[in-house]
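Trainee: Below, each chain spelled out in residue letters.
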Amino acid sequence: MTAVMAIAYNTVREALSRRVVLLFLFGALVLIVLSPLFSFLSPREELTLLKSLGLGVIQLASMFICIVMGISLIPTEIERRTIYTVLSKPVQRYEFVLGKFLGGILTMLFNILFMGIVFFAVVAWRGTPKQALELWKGFMMIFFQMSILVSLAIFFSVFLTPFVNFFMSLGVYIVGTLSSVTESLMKGENRTIIQKGIGAVLHYLLPQFGNFNVQNKIIHPETRIINEGVYYVQNIGYAVLYIAVLLIIAVIIFDRREV
Amino acid sequence: MRRTQLILAMLVLWALSAALQTAIDPHRKQFEPKVQGLFGKMTGLPTEYIFGTMLGFREVVAGALWVRADAFFHEGNYDAILPIIRLVTWLDPHNLDVYSTGAWHIGYNFTDTEQRSDRRYLSAALKLLEEGVENNPDVYDLYFEMGWMWYDKIKQAHNSVQWFQKAYDFPDRPDEYSPGIPPARRHMLAHAWEKAGLIDQCLLAWQDILQRHERYYEQHKKEYMARVQIDVAKHNYTLTDLRQYRRYLKQPPDTQPPLDVKFDVKVRVVEPKIIEVSGTVDLGQYFDEQMQKMDYRPGRVDVVLRDEGYKSSILPTDEKEAGEVWRQKVFTFEVPDVTIMQEQIAIIKGKFKRKIDMSKDPMMYNFKAPRYVITVRFNPLYAPPQTQDRIGWRGEGITDKRYLRLDKVTTVDKDGKTYTVDVRRVRKHLMLTREQLLSGKGEAVEYTGLE
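Protein sequences, first through last, are from chains A and B. Going by this note's numbering, 7 is the number at position 4 of the first sequence; the sequence numbering is gapless. Going by this note's numbering, 391 is the number at position 331 of the second sequence; the sequence numbering is gapless.
With the rest of the complex left out, here is chain A:
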């Protein structure tokens, strides 16, 4: 476990010093701070738009940070040949993958927290602290959504080049956000068996990032959600299971890879 933590620590340190990650983070922070200026887009419901824009910016920035960081976590070590040093020590390959993943999600946690605190302050300023406090559910779900994305990028990175990995991760993320579409393809009336089959494969095989989109409830707090707590627990469980599946496959492939 010490080895995993050491790798995770180094991963966080390296990731946070990467210019491209900081660029996305800085860009997101600027957008969040300036988001009140966009209130003209919804003059009568400024706070609605503010929350929507802020949560959207955090999600989008987190997605790019995740992918850009995740695709390079393992290939960079191979490219720089630092992996030889690591693996020559009493470190198992699964520990290496696990350490990289842990480092990745800790970096994400830091980023989301940082953006979240700034956004919290903006909403508290334009609205009330109570309204700002409700944002935490959104931050939490974005974090678990991004944890799956980090594990997906790591999974692809053990057998794809970073360039291909970028588009694969982005593509799966976009398809995965359309949970309602794949579900309707699978269950909808007037669909052929083939269409239903494709829908089912996409729905159950790909990670369903759309599950984590709970922004509408936060944007419209007057909306009543039945079993809201259960929904969050189910999704956290789903994220943990799916991350475990992706990491196991990544470990199996990485084990057989010549490094």
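Note that these hints are calculated values from the structure, not bench results. There may be inaccurate statements among the hints.
Each computed DSS-like pair below joins lysine-lysine, with the alpha-carbon atoms no more than 25 Å apart [stated by the list, open to error]:
| # | chain 1 | residue 1 | chain 2 | residue 2 |
| --- | --- | --- | --- | --- |
| 1 | A | Lys190 | B | Lys389 |
| 2 | B | Lys187 | B | Lys213 |
| 3 | B | Lys187 | B | Lys474 |
| 4 | B | Lys468 | B | Lys371 |
| 5 | B | Lys322 | B | Lys411 |
| 6 | B | Lys89 | A | Lys199 |
| 7 | B | Lys389 | B | Lys474 |
| 8 | B | Lys389 | A | Lys220 |
| 9 | B | Lys428 | B | Lys326 |
| 10 | A | Lys190 | B | Lys89 |
| 11 | B | Lys215 | B | Lys353 |
| 12 | B | Lys326 | B | Lys461 |
| 13 | B | Lys474 | B | Lys213 |
| 14 | B | Lys411 | B | Lys333 |
| 15 | B | Lys89 | A | Lys140 |
Guided by the hints, dock chain B onto chain A, whose structure is given.
Mentor: Using the frame of chain A, we list chain B on its own:
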């Protein structure tokens, strides 16, 4: 061996995640649009909107589109607003503003050159509100809007009662997020009972409203409006109670003996697609000279022209023959390809007369049918209160030798309980042919096919 175990573990975990996904699916729908297949419906959107929506900016895109709709509205480009309303409700089904403003726009703003609204759209407006209620059952707003559409636009208060009741049930005045109804809006329920001709229910509603206002005032004594609401509710309760006494309970009641209104209607085609509607509803003798000097208008008659055979439950024609044939099952902007004209004409000194021009709006009045039925009706339920003082809420004070009809108006409350009252109305159906309307000559004949 270790690899096999890992694969097995992975398969088990994946199966568990799939099972969890099945449990998540029904819950997820609470957070997103209810309309299935949103992606396919978005093909008309500009690319930036589609990507914005997919990348988590659904509500931002909805807000931006709604601003665009506002710009179209100010440009007078009403047709462009319709698809935007549809898209915004898909993208953000909890945006109450879009449902209420959208339904108002569809129901009220499509007009001809003389500001008569296109009644073919009313069904779409109602359906959009129904969809809004379905997506937002826990806020009062759209129940109220639905009630208002029935009460004000369609003028069938008996259908508005159940919606105002549902809005009424929400707690008084919202806190930060609570979906409570503003106190003054509760008054609409009592008004709806009254316009439905159910005065006892109206008085009970005022009593309840008054008690609620008094309780609210006890907790918010510094609020000026809290005191005002009590005064308004007391005033309305007392006035309605007094009116009930004078109109029905006093001996003899003010509504008796019934006035012979000598109802009759003539409809002439004076130019192509221009008709002149004239007739008598003789209420004038009741009003004294002072009121005549004030040009007091004791009421209006409803005039409806429509294709022969076209029935609608939301036109002021005859509820018995209309049924529910015209209501949309699924929301659509497509309107029936028929001609419907609806107008109201004021009664002045016992007579009414108006030229109605349908020649400038061929999109609204296409005149494709061979024959047209014109219904002219005087409805005491929506007459001014001073007129009702003589003729009663339900027309007890009118009679007519030829055109008096005894209509049963049924109100269904939110619990499904029914209240039926007899309403005495005068009504006449006439018929014009397409040739007459297009030639600009001819006079309508009495039509008995609907009696």
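Trainee: Run every hint past the structure and note whether it holds.
Mentor: Hints versus structure:
This hinted pair checks out: lysine 190 of chain A and lysine 389 of chain B have alpha carbons roughly 22 Å apart, not beyond 25 Å. Between lysine 187 of chain B and lysine 213 of chain B, the direct Cα distance comes to roughly 14 Å. Compliance with the 25 Å bound is thereby established for this hinted pair. A hinted pair counts as satisfied when its Cα atoms are at most 25 Å apart, and lysine 187 of chain B with lysine 474 of chain B qualifies at roughly 18 Å. A C-alpha spacing of about 18 Å is found between lysine 468 of chain B and lysine 371 of chain B, which places the hinted pair at or below 25 Å, so the restraint holds.
In summary, the hint linking lysine 322 of chain B to lysine 411 of chain B is supported, as the alpha carbons are separated by about 10 Å, within the 25 Å threshold. Taken as a hint, the lysine 89 of chain B and lysine 199 of chain A pair is honoured in the structure, with Cα atoms around 19 Å apart against an allowance of 25 Å. Taking the CA atoms of lysine 389 of chain B and lysine 474 of chain B, the gap is near 21 Å; set against the 25 Å cutoff, the hint holds. Between lysine 389 of chain B and lysine 220 of chain A the CA atoms are separated by roughly 28 Å; this puts the pair beyond 25 Å, and the hint is violated.
Between the alpha carbons of lysine 428 of chain B and lysine 326 of chain B the distance comes to roughly 23 Å, so the proposed pair stays at or under 25 Å and holds. With a C-alpha separation of about 14 Å, the suggested pair lysine 190 of chain A and lysine 89 of chain B falls inside the 25 Å cut-off, and the hint holds. Note on lysine 215 of chain B and lysine 353 of chain B: the hinted pairing is violated, with a Cα-Cα distance of about 29 Å set against a maximum of 25 Å. At roughly 17 Å between alpha-carbon atoms, lysine 326 of chain B and lysine 461 of chain B fall within 25 Å of each other, so this suggested pair holds.
Distance hint between lysine 474 of chain B and lysine 213 of chain B is fulfilled; the C-alpha atoms sit about 21 Å from each other, no more than 25 Å. For the hint linking lysine 411 of chain B to lysine 333 of chain B, the alpha-carbon distance of about 23 Å falls within 25 Å, and the restraint holds. Proposed proximity of lysine 89 of chain B and lysine 140 of chain A is supported: the alpha carbons are some 17 Å apart, at most 25 Å.
In this structure, the earlier hints numbered 8, 11 are contradicted, and the remaining ones agree with it.
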